[in-house]
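> Using the sequences provided together with the hints, build the complete structure.
Protein chains: 2
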Amino acid sequence: MPSSNLESAMQMLIKTFHKYSGKEGDKYTLSRGELKELLTEELGSYLGNSKDNEAVEKVMNDLDANNDGEVDFTEFIILMGALTVACNDFFLDSKPDDKGKDGAEKKD
Amino acid sequence: MPSSNLESAMQMLIKTFHKYSGKEGDKYTLSRGELKELLTEELGSYLGNSKDNEAVEKVMNDLDANNDGEVDFTEFIILMGALTVACNDFFLDSKPDDKGKDGAEKKD
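Same order as they appear, the protein sequences are chains A and B.
Take the first sequence: its position 12, counting from 1, is numbered 12 in UniProt numbering, and each next residue is one higher.
Take the second sequence: its position 10, counting from 1, is numbered 10 in UniProt numbering, and each next residue is one higher.
Among the hints, erroneous ones may be present.
Copies of the same chain look alike in the list, so a pair counts if it fits in one copy or across any two.
In silico EDC-like links for lysine to aspartate or glutamate, alpha-carbon gap of 16 Å or less [as the list claims (entries may be wrong)]:
hint : residue 1 : residue 2
1    : Lys27     : Asp89
2    : Lys15     : Asp89
3    : Lys19     : Glu57
4    : Lys23     : Asp64
5    : Lys23     : Asp89
6    : Lys27     : Asp93
7    : Lys58     : Asp89
8    : Lys58     : Glu7
It is worth saying that the hints were derived from the structure and are not from the lab.
So, in structure tokens, the structure goes:
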């Protein structure tokens, strides 16, 4: 049976991670170089393209909690989740004021 | 420029959430009914299809931390992240024993 959109999204996340993580060193984590390649090639338009070396450094330092210079799949998914939530907020915020949050709490 | 796989994945997550969240009540959260529809229609093959009402109830209770019967976008992304990590683990675990996970990089 064909994949739904959500299933495709999950597959794309998994496939993209392994496309880069397999290039050098530990096949199941992203080194700093692999992360940089992934971010610039796959998210260039979000992160402001290659000039922005600082963004990559910052992301790496934020993600690499145990400071071993490697980002594992769970850390990668946390990054993608945070980016997706930020994107969603951006689109909602840029909408006109017809939000219609009837009754419920209003989160700012 | 065309979307990369990661960008498409983010867009699909956002689009799918709003496709269901907009159906009734608060347009920016999933009610129990909307979540059930999303899970069965978009993730049926993961969650064992419609017979599995219990799975939906469990997911709803786990996600709905503040107990208002609504799941917001951030909660939805946490669910999708957890599912994606579980999927990835499943595929890795089902691979033969050439993982090379143990020591750091193993390159010869």
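> Now, for every hint given, state plainly whether the structure supports it.
We went through each hint and held it up to the structure:
Taking identical chains as interchangeable, the C-alpha atoms of Lys27 and Asp89 lie at most 16 Å apart only when they sit on different chains, with a minimum of 14 Å there against 34 Å within one chain. With identical chains, the CA atoms of Lys15 and Asp89 are at most 16 Å apart between copies only, with a shortest distance of 13 Å across copies and 26 Å within one. Taking identical chains as interchangeable, the C-alpha atoms of Lys19 and Glu57 are never at most 16 Å apart, the minima being 20 Å within one chain and 36 Å between chains. In this assembly of identical chains, Lys23 and Asp64 lie within 16 Å of each other by CA distance neither inside one copy nor across copies; the values are 19 Å within and 39 Å between.
In this assembly of identical chains, the alpha carbons of Lys23 and Asp89 never lie at most 16 Å apart, being 34 Å within a copy and 19 Å across copies at closest. When the C-alpha separation of Lys27 and Asp93 is checked against a cutoff of 16 Å, the pair qualifies only between copies, where the shortest distance is 14 Å, while the shortest distance within a copy is 39 Å. Proximity of Lys58 and Asp89 under a CA criterion of 16 Å is satisfied in neither setting, with 22 Å inside one chain copy and 27 Å between copies. In this assembly of identical chains, the alpha carbons of Lys58 and Glu7 never lie at most 16 Å apart, being 30 Å within a copy and 20 Å across copies at closest.
Hint check: violations occur at hints 3, 4, 5, 7 and 8; the rest are consistent with the structure.
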